[in-house]
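The opening residue of the sequence shown carries number 503 in the numbering used here; numbering runs sequentially from there.
Derived SDA-like pairs (lysine to any residue); straight-line CA-CA distance at most 20 Å: (1) LYS630 to THR601; (2) LYS630 to THR669; (3) LYS638 to PHE602.
What follows is a set of in silico ranges between Cβ atoms, one per label pair, in the way DEER data are often shown: (4) TYR508 to GLN575: 18 to 26 Å; (5) VAL538 to LEU596: 28 to 36 Å; (6) LYS630 to MET503: 40 to 48 Å; (7) PRO652 to VAL504: 12 to 20 Å; (8) LEU596 to THR665: 19 to 27 Å; (9) GLU540 to PRO652: 34 to 42 Å; (10) ALA642 to ARG514: 26 to 34 Å; (11) ARG514 to HIS547: 30 to 38 Å; (12) THR662 to LEU597: 17 to 25 Å; (13) PRO543 to ARG514: 38 to 46 Å; (14) PHE580 to THR542: 43 to 51 Å.
Hints listed in this document are in silico derivations from the structure and should not be mistaken for laboratory results.
The structure presented is a predicted model; accordingly, all values stated were derived computationally and were not measured.
Don't be surprised by glycine CBs; every beta carbon is placed ideally from N, CA and C.
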Amino acid sequence: MVFRAYDRVLRRLPVFTQAVTTCGLFVLGDLVAQHVVEGTPLSQHDYARTGRLALFGGCIAGPSIALWYPFLQRSIAFKSDWGSVLARVAADQLLFAPTFTAGFIVSTTLMSGRSLTDARARLDEGYKEAIVNNWKLWPAVQILNFAFVPLLYRSLIVNTIATGWNTYLSLLSKRLEVTTGKTE
Numbered sequence: 503m504v505f506r507a508y509d510r511v512l513r514r515l516p517v518f519t520q521a522v523t524t525c526g527l528f529v530l531g532d533l534v535a536q537h538v539v540e541g542t543p544l545s546q547h548d549y550a551r552t553g554r555l556a557l558f559g560g561c562i563a564g565p566s567i568a569l570w571y572p573f574l575q576r577s578i579a580f581k582s583d584w585g586s587v588l589a590r591v592a593a594d595q596l597l598f599a600p601t602f603t604a605g606f607i608v609s610t611t612l613m614s615g616r617s618l619t620d621a622r623a624r625l626d627e628g629y630k631e632a633i634v635n636n637w638k639l640w641p642a643v644q645i646l647n648f649a650f651v652p653l654l655y656r657s658l659i660v661n662t663i664a665t666g667w668n669t670y671l672s673l674l675s676k677r678l679e680v681t682t683g684k685t686e
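All chains should be modelled from the sequences, with the hints used to inform the complete structure.
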């Protein structure tokens, strides 16, 4: 019943629905990071951090993913289904992932009131680690996603897996605040 309702809204408003879903799952990832992994008491919850991640998820990540997958589907179509899948994964991991990762670090830095110089320092400190860790997880996920999941539901699959990834990104963002000497 819930899935049918989600499916109806997703078919009518795909970008909006995926933006809201992504926003919610970024918030969930941050909650797990703060309270499960870091052990922060609920009374000391960092609402600004959660807000930054919600904003990134809803305004940047969700819409970009919702538009990226149809673009890949239209743009990369070989005679071989597996050739198309592997080419889409390559494009996703060599074009989208590096841009997305840099965009996350820069935008969350700027949303926390920091400068472009601070964003550059955080990129220098955390980008390589983040993209290498991305490549440990996402190529396998995307092979399965592009091979077996209908286009309309690819963002949902990625968002579900990304709950754990978003926890990692939240922790990385927090660590970069500390290691670059820019805590809030």
